[in-house]
Amino acid sequence: MRTPLPLFAPGFAHTLAVALTVTGLFGLPAKAQETPEPPAQNWSFNGIFGIPNLEAAQRGFQVYSEVCSNCHAMHQLHYRDLTGLGLTEEQVKAIASTFTVPQGLDDSGQPKEGPATPANQFRSPFANEKAARAALNGAYPPDLSLIVNARPDGANYVYGLLTGYAEPPAGFAMQEGMNYDKYFPGHQIAMPQPLQDGRVAYTDGTPTTTDQEARDVVTFLYWASNPETAERKAMGVRIILFLILLTGVTYAVKRKVGCSLGSRPPLSL
Amino acid sequence: MAGLHKSDLPNPVLNWIDSRLPIISMMQKEYGVFPTPRNFNYFWNFGALAMVTLVVMILTGIFLAMSYQPNTGLAFDSVQHIMRDVNYGWLIRYVHQNGASMFFIVTYIHIFRGLYYGSYKAPRELLWMLGVVILLLMMATAFMGYVLPWGQMSYWGATVITNLFSAFPGVGKYIVTLLWGGFSVDQPTLNRFFSLHYLLPFVLVGVVFLHVAALHIVGSNNPLGIEPRGPQDTLPFHPYYTSKDSVGICVFLIVWAAFVFFAPNLLGDPNNFIEANPLQTPADIVPEWYFLPYYAILRSVPNKLLGVCMMFGSLLVLFILPWLDTSRVRSARFRPTYRWLIMVWVVSFVVLGICGAHKPEGIWVILSRIAALYYFGHFLVIMPILGKLERPLPLPESITQAVTGRPIEVAVVGRPLESH
Chain A
3 MRTPLPLFAP GFAHTLAVAL TVTGLFGLPA KAQETPEPPA QNWSFNGIFG IPNLEAAQRG
63 FQVYSEVCSN CHAMHQLHYR DLTGLGLTEE QVKAIASTFT VPQGLDDSGQ PKEGPATPAN
123 QFRSPFANEK AARAALNGAY PPDLSLIVNA RPDGANYVYG LLTGYAEPPA GFAMQEGMNY
183 DKYFPGHQIA MPQPLQDGRV AYTDGTPTTT DQEARDVVTF LYWASNPETA ERKAMGVRII
243 LFLILLTGVT YAVKRKVGCS LGSRPPLSL
Chain B
11 MAGLHKSDLP NPVLNWIDSR LPIISMMQKE YGVFPTPRNF NYFWNFGALA MVTLVVMILT
71 GIFLAMSYQP NTGLAFDSVQ HIMRDVNYGW LIRYVHQNGA SMFFIVTYIH IFRGLYYGSY
131 KAPRELLWML GVVILLLMMA TAFMGYVLPW GQMSYWGATV ITNLFSAFPG VGKYIVTLLW
191 GGFSVDQPTL NRFFSLHYLL PFVLVGVVFL HVAALHIVGS NNPLGIEPRG PQDTLPFHPY
251 YTSKDSVGIC VFLIVWAAFV FFAPNLLGDP NNFIEANPLQ TPADIVPEWY FLPYYAILRS
311 VPNKLLGVCM MFGSLLVLFI LPWLDTSRVR SARFRPTYRW LIMVWVVSFV VLGICGAHKP
371 EGIWVILSRI AALYYFGHFL VIMPILGKLE RPLPLPESIT QAVTGRPIEV AVVGRPLESH
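Protein chains in written order, with our numbering: chain A, 3 to 271; chain B, 11 to 430.
If we strip away everything but chain A, and leave its shape as in the complex, we get (with noise of 0.2 Å):
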């Protein structure tokens, strides 16, 4: 019986697979970065199962909401989206009451604002991008809502730059107003180093260390750029091992219709 010509002469794979991987390397970055790779932190939401922990993520909003949301808007996020933080109706309508946010026109066409309701969006600190320059010196804080996926590696560069702020190093041309981060691309970031031991106090018993209160934000942040996480990581594996049942079944067919063929089915099929 003569044996099926193969796709590929065996040599030939091989040097294939030798080409691809000459090329892979070429594909390395090849240039030494001047700002280093912010370190690859362990999150509850690395991974295929992990999801982002809640109760960091709750106390993320409240550093949010203490230090971050002085400067920082995160306009794509409604009070009512913190219920997939965990927190109940009841609770997110206490916090939103505790923002005064702009409730369109009063009876005399007048601009007026009022305590939030869970309907509105998160109170912007600003009310356009001129107005935040013309308070902070120049600078434009970016809106936060998706920052995590917004900068490659995201959560680490968003840990690295809250941790990193440092000394210059000797030498080093500081401009006017600038702060030092190991991690900023450039190194000099016009925001303050915002987060400080005992920044915020937590009521869950939680130590206030800079790196706590990081790890805390930038899990909340995380959250607010991919509130789905959860559902989608959970949906993903029941529809994964559905579709492996399914292949099974549809090749266990595959086969019974190639059998039909007679004693000798076809190579190939």
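These aren't lab readings, by the way, just hints derived from the structure by calculation.
Over the 10 Å line for every Cβ pair with chain A, so calculated as not near, a few chain B residues:
| id | residue |
| --- | --- |
| 1 | L14 |
| 2 | Y78 |
| 3 | L140 |
| 4 | L277 |
| 5 | W333 |
| 6 | K398 |
Stretches of chain A that chain B covers, calculated by requiring three or more beta carbons in the stretch to come under 8 Å of a beta carbon on chain B:
| id | stretch |
| --- | --- |
| 7 | 144–154 |
| 8 | 229–235 |
| 9 | 245–258 |
Here a beta-carbon is modelled for each residue, glycine too, at the ideal position from N, C-alpha and C.
Here the structure of chain A is known, so what remains is to put chain B in place on it, guided by the hints.
Positioned in the frame of chain A, the structure of chain B alone reads:
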């Protein structure tokens, strides 16, 4: 009077319909008993995979369009609205977003299969050329779709790519103005891209129909590249290849689902999570991965017009491939030299893709030039000459003889399943 189609369906209602509009007979002929070479390998799944992807893309796209706002002030936030507020909006969007990449993966493998087994050769030239039209339409659709979320890479990608047309002398700037609907990428551009992004997939469906129609006239190629010589060399499409395609579709859906559920943004660019800002250019403007090889060809040429011509030429050259290949043997299995060189071409395509992701500096320029030279040299120089010089291996007498090792007379003829 032309009279009714003679339908032999037992069901009176179906018979009544089929006599007047023989679509059931047609489906039976084209997808039921359609004679298909018996020796397909899994590379022959990828046409069906592309078809499945197209259908999923159209369905998810229709639902996305229900909540999307083609307005420069609203587009970015409307996508986030889909992701956060629309029921299962994140699922629909991630399926659509990753579906574009899946579409290109299966289409590129489908094209590779055509190149390796010589599926473009007579009598399948027009089938192949329709395929190239499909590829071009897909690229146009994907490009315009990528602009719609109105992120930084959407905006700047659109600016760079549409600006390429300005390289054409004389008419260039008019073409660009026409594409933009103004003097920069702005509201009219976004609005017309949305319109065209919704239209082109249906044009694509039309061309796919012609592609399949042409396939059903000339019949499928197969891994041996020899024509079936009789019924013993073929199997009815159903159930043999419907069952085999189903296996491939399931495996394909696992890969697609892995991206959607566990790495939905792996193939995307972080910059596209930042809303478009015409006043701030990103450090690197990089197209989606599936355009990188062509982008590398563009940037490997120092002259802009020549670069643009090379980039379009790298696709248009596929149209004349059936006449560039002078070898009479289809399958690379029987072409000892071509079998190596087509893989070198694949490597050159991959190298171009890697080069396209890097700034055109230093080694990347040199590499992309070498790879681009081989890309074109393979088609324009090697193929015409090699076909004359190469001594192909002896072809098997028939498909059946090759797959069973038995002579034709006693070969087992495929018969339908009893239970079916």
